[in-house]
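Using the sequences provided together with the hints, build the complete structure.
Quick note, the sequences are listed as chains A and B, same order.
If you read the first sequence in full-length UniProt numbering, its first letter stands for residue 1, the second for the next number, and so on.
If you read the second sequence in full-length UniProt numbering, its first letter stands for residue 1, the second for the next number, and so on.
Check each hint, because a few of them may be wrong.
SDA-like mimics (lysine to any residue), calculated; alpha carbons at most 25 angstroms apart, straight line [to be verified]:
(1) B:396 to A:271
(2) B:396 to A:143
(3) A:396 to B:145
(4) A:400 to B:41
(5) A:202 to A:192
(6) B:53 to B:198
(7) A:116 to B:46
(8) A:396 to B:142
(9) B:400 to A:143
(10) B:346 to A:107
(11) B:116 to A:269
(12) A:269 to B:145
(13) A:393 to B:143
(14) A:116 to B:9
(15) A:396 to B:32
(16) A:317 to B:401
(17) B:269 to A:8
(18) A:393 to B:141
(19) B:346 to B:440
(20) B:320 to A:387
(21) A:390 to B:146
(22) A:396 to B:322
(23) B:320 to A:397
(24) A:396 to B:140
(25) A:269 to B:411
(26) A:390 to B:142
(27) A:116 to B:38
(28) A:269 to B:412
(29) B:269 to A:25
(30) B:116 to A:49
(31) A:396 to B:143
(32) B:393 to A:107
(33) B:390 to A:146
(34) B:116 to A:162
(35) B:400 to A:141
So these bits of chain B aren't anywhere near chain A, every CB distance computed over 12 angstroms [unchecked claim]:
(36) 188
(37) 255
(38) 257
(39) 427
Hints were generated in silico from the structure; no laboratory data involved.
The C-beta atom is built at its ideal place from N, Cα and C for all residues, glycine as well.
Residue strings, one per chain:
Number of protein chains: 2
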Amino acid sequence: MVRTSLSGFPEWLPEGRIIEMHVLDELRRVFELHGFAGIETRAVETLEQLEAKGETSKEIYVLDRLQALKAAELGARAPKDKGMGLHFDLTVPFARYVVENANELDFPFKRYQIQKVWRGERPQDGRFREFTQADIDVVGNGELPFHFEVDLPLVMAEALNNLPIPPVRVLVNNRKVVQGVCDSLGVTDVEGALRGLDKIDKIGPEGVAVELAQSGISGDQASVLLRMAQVRSCDSAEIRQRLADLGVSGELLEEGLRELTELLDTANKRMPGVVVADLKIARGLDYYTGSVYESEIEGHEDLGSICSGGRYDSLAKDGKRTYPGVGLSIGVSRLVSRMISAPMVKASRKVPTAVVVAVITEDQRERSEAIAAALRARGISTDVAPSAAKFGKQIKFADKRGIPFVWFPGDDGAADTVKDIRTGEQVEADPATWTIPASDAVASVERVTD
Amino acid sequence: MVRTSLSGFPEWLPEGRIIEMHVLDELRRVFELHGFAGIETRAVETLEQLEAKGETSKEIYVLDRLQALKAAELGARAPKDKGMGLHFDLTVPFARYVVENANELDFPFKRYQIQKVWRGERPQDGRFREFTQADIDVVGNGELPFHFEVDLPLVMAEALNNLPIPPVRVLVNNRKVVQGVCDSLGVTDVEGALRGLDKIDKIGPEGVAVELAQSGISGDQASVLLRMAQVRSCDSAEIRQRLADLGVSGELLEEGLRELTELLDTANKRMPGVVVADLKIARGLDYYTGSVYESEIEGHEDLGSICSGGRYDSLAKDGKRTYPGVGLSIGVSRLVSRMISAPMVKASRKVPTAVVVAVITEDQRERSEAIAAALRARGISTDVAPSAAKFGKQIKFADKRGIPFVWFPGDDGAADTVKDIRTGEQVEADPATWTIPASDAVASVERVTD
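Below, the structure is given as structure tokens:
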């Protein structure tokens, strides 16, 4: 169900798209249930905006008008667009949108945004160059209370755990904890420590120790950092105990621990067992300033984090104001790709259609259209057979697409009948009153269990 | 509500986006009700695909990786992506998708596709460089019955007339009629005739006569073509009569008239008065092969056609097969832009939220969260006040966003109450049983009448 005639640019067949739309609809439903407003930003940003964070510049697709390029090749002077590129995430555009519209927005502003993003990297390890992200963020004007660092990951946990996939855990850490531990140990190259710890799953503790040494971190310091990185628990008392055992202390560490344990305690009340503190999380800690989030799907840990985010005290800035934010982003395409390929799920049919109305002869097509109109008026997705072929062929039209019902206009004043082509059961029916079983009304997406 | 910090790239404020999402949801609902399957194609096509139709090449945005460009500037050899650009419509990508997946698709294949497209033209007359289109097409394998040329414009008419906008008329013409008239008159430069007639609204009949003369069309021929272009009617008998009055005839003309009048007659039965034959429609007739469609919104004729399309006998082709198609495309961004700016409509609020739960003190935040969870479990979009400010300030939080209800947790064992902040009415309520008025459950979009 996945096609990529251009490497890195996935497309789904219709049944795959039904699965993707189910995911997108469910995410939107949960986000709106929690009061997030949907916005959409243009796909295009100025290169200046996109390059503000230097290290992502390699990923940008730059735009040029073909006409201008051709004119340039011919040596003519062509009007040059100011440097523009496709956005590579939804955070940079959102930050710009907030600053541009600050006077019209109500803060704290909670928004969700579900859009495609593009990254010009070489497609490797199945990485996509075009993919859909689903983000939620809350942004404050000047200040943003800590409780949003508890709320946001729980909204994502609810959204993800509503999908027909195995349980999703949200893993959390806190920049202040890691920074506090480094401060207490006298480690000054915190970025170096984070870079090293980030590789722990790939190269193991011994490999990380070597990396840390190269950043000028002593063996004793590295040993404590590696013990810290092994702390993983839902239980805030255990977290506190194990950090106390490391012999580290300090004001910032204490603040970080307060935040991390409050997040765990509240999460355990609202949604037991879903949020886990994992102190080896280092990715993003160089720019996040408080809580940081990753996630894993039970049994699909190899997929990596399909939902990540954190708190940044300076999501956006203009002349006078700073806008702190907390947010998370789901990599929808990567998730859907796994849902399809595993497979985790199956769509009940390839089309939205619940009923096909048969056509007796082409002269009587309008009778069939009238039946279809009556069914549609009652919200039932209905198609009319494309030709007045033999009924066997019209049934096959439905069967190939997974459409459950075929409707037969009654001949010579006889009542209409409707046939469930899965069971063969055929009953008299009136399009003004017939009710479709709820489970057949729309294409459904169900877990595949093997 | 419209912002364009980059010329030609519109963005909506949250209330504008609510209007756009209402439009997109309604279009999707109607398309699915008629059995169209939703697909999405990548935003990127090879230049080869995009340039297959020469005359559109000026509109293409070409992609390059920034890293490759920078390397080239430094004189280094960089891996060059094969020529890729952003799609400028949804027809070219759909045709490619059909050919690539022909073995997995079921024909006739009915699909809808709602996506952004990009055109690198100079933004003038409020033209957008990035905008959303909503397309429906049906494509056959080798053959495609005529009745789809009747069905498709009626689906679009239903979709558009379900929106909170003034009545939309679908205007139709038929390539075979115009070609047949030209043949009968001995006009050989049919393209020239179409180019001239296309300008009739802009430069008037006299101007068109001059243009036609330049294409080698005689005064007598031009006079008949101009009389043909004045024919506009819902009534198929009138159409036939007025063409007969022109003194033209021929087999192709007769076939075209049969199709055009069958379309009118069926449309008048299913949806009286919505479809109008308008023989001056010339745009697109150079590549459409049968019916051609445009549209107009009553009172907003100046906006031009916001929904256009037609029949093309060769939508797509591969080595062995030809795939004929019929389809129409709505320019959603242009429509929404007018809906907002006219204004035709108003959103009832700026957020999905129906209820804000007040917070008594920060220590009691979890009580408010529990109430919110109970309301959300029953499908009611609920937010919790961001801080335990004075109740007046918490009510203002709701009021600014247009949220109709504020929920107050009962103090000291008292029952909770919920207040309609529009009327001031406040009643006791239990989050497990309270029902919200249907009209307040979701943000609604209503016609503005002045």
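Practice task
If any of the earlier hints don't hold here, list their numbers in rising order.
Solution key: Going through the list in order, the structure violates hints 1, 11, 12, 17, 29 and 34 and respects the others.
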